[in-house]
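**Student:** Listed below are the residues making up each chain.
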Amino acid sequence: MKFQKKHFERRHIVELVIKTIMRLALFIVAGTLGLILWTIISRGLPSLSWEMVSQVPKGGYYMGKDGGILNAIIGSAYLATGGTLLAMILSVPIALYLKAYLGKSRWGDYVRLSLDVLWGIPSIVYGAFGFALMVLLGMRASLLAGIIVLALVELPIMTRAMDEVIRRMPSDLEHAALALGSTKFEVAINIITRQMLPGIITAILLAFGRGIGDAASVLFTAGYTDRIPTSLMNPTASLPLAVFFQLGSPYPEVRERGYAAALILTIAVLLVSFGSRWLAARLNRYTIK
Amino acid sequence: MSDIQLNNTLKTEGRLSRPSTPSRARTDRAAQRTFFIITLVPVALILIVAVALVVRAYPILNSYNLSDLLLGETWRPNNGEFGFRPFILGTLWVTTVGVLLAVPPCLLVSVYLAEYAHNRTRTIAKPILDVLAAIPPVVYGVWGLLSIVPFVDDVLAPLSERWFGSVSIFSVTQPTGFGILAGGIVLAVMISPLIISVIFEVLSTVPNDLRHASLAVGATKWQTIRTVVLPQVLPGIVAAIVLGASRALGETIAVLMVVGNVPNIPTSVFDTAYPLPALIANNYGEMMSIPLYDAALLGAALVLLVVILIFNILSTLVLQRFLRRS
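In order, the protein sequence lines correspond to chains V and L.
Under numbering that gives the first Met the number 0, think of the first position of the first sequence as 0, with each following residue one higher.
Under numbering that gives the first Met the number 0, think of the first position of the second sequence as 0, with each following residue one higher.
These aren't lab readings, by the way, just hints derived from the structure by calculation.
Don't take each hint at face value.
Within a straight-line C-alpha distance of at most 27 Å, the following computed BS3-like cross-link-like pairs (lysine-lysine) qualify [to be verified]:
1. L:Lys125 / L:Lys220
2. V:Lys18 / L:Lys125
3. L:Lys220 / V:Lys18
Just chain V, with the same shape it has in the complex (with noise of 0.2 Å):
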């Protein structure tokens, strides 16, 4: 008796034990998001000014002179825009495809190992892949470019992330509209988009930000410059570049300017991320519960 209460014992401080370094985990990994947040915007604070995001490049920018980085916000923006339009005109069918006519097949299964193996590929692969193309067919870095290699990286993320929630979807919906007579098109349009809205929305949100923060895909591909592209052809900046380039440079100021960049890029991924959240909020009021 006295045995068992003394092991019984024991395993509770065990319990206890444990559960204190769980905790303790989830505070480090929360202070970890804490401490970079607070890094990046105390030091990129001092230097952002209205002259960054208002102005491209002036002479002399990268020895520290006037100027600002609308060029790589622009940019940014373009990239990321085309790159994730061209990306939903295929994962929305393929994301449709498979809910409505695939349900859970084998075909299915392959159809989403595919897609995770491509969303596991490094967008430097895909930015060596699009350089490589570009050799080919005699091409040069250009917005148009860009957008290809970023919509090729967006699309696993994309689609995946609307995969996950369509198929969360009751099935009863989808019965009860095939009962009644529709083609499996008419559920998938009628039916599946509409109910599945907000979560389409924040799958295509999620990609956007995952597009505008990628540099290694647009290294190659999209080039570099002060102006503001005029044209698909046009090589352009972008913001992750621009962080990226403004760091390796001799000149304090110019690193300073590198750290509001950062901090741009954070704002801007973030905003996109719980403005996300709030869109989709909103449109669940239009969804059937």
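Given the coordinates of chain V, work out where chain L should sit on it, guided by the hints.
**Tutor:** Positioned in the frame of chain V, the structure of chain L alone reads:
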């Protein structure tokens, strides 16, 4: 729904009639074919990327022995020497350190969130993980440069010198703070959200009956987790970690900014390294006049792609089996 169709028909045809059943069936079949073809794109894309890299890397694979390329120690493109060994080892070191640092906290956090935490804690933790996952690699690089490199230099290196000075993999070999450890720490933070969310999902596939049965015979929660829950999902957890590792293998910009980029053979976590993605990012797109250089860099991309594909396919197959059960 019929109203919607009616409206659509009115708009397109201008007369009040429903589309006939045969025409709806035709539309359905056409849509099915179109969707099917679009669905082939991701499957085909993997093959196209792989084939393109093989074709473009072929010149170097043709003129050198594969083992000479992979195991060769010197990288002098000007002299026609292309040894990938320092880069492959650099990649392995940085990835291993990153994964080793990430796994313990990730396991603890995901088990806590899945088994212990209140719903309120989960709703707070989810956005934190989402934001960690959303932060772009280059921002991680800036953070690494501003916080982690000085931290390694000022805190970890002296600590290691005092306590582990005699252990060779912890010996401080150069005084900058840039290196494998800094890269590993940054990587660990970057892959954590993925590992945590995948393990969390795997844990939630364990049926509650099992937990209840164990708790009912008097086990504590931790005993239940250790003896009932974790053994059930062990392959899934390993798969989640492998998935994280494959993400770490390909991470480019963030690692490139803190790892030092010196092509040496690392022997200590304080050494600098030069991982494959950094090699590609730093050199590709320029110096194309050197013969075979371009093929060698695409060969590096190919090596990276093959390793990542193997890791990814294995872990995804295991995870698919788990997650389908739910």
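**Student:** State for each hint whether it applies.
**Tutor:** We went through each hint and held it up to the structure:
no.: 1; hint: L:Lys125 / L:Lys220; verdict: 23 Å, holds
no.: 2; hint: V:Lys18 / L:Lys125; verdict: 19 Å, holds
no.: 3; hint: L:Lys220 / V:Lys18; verdict: 10 Å, holds
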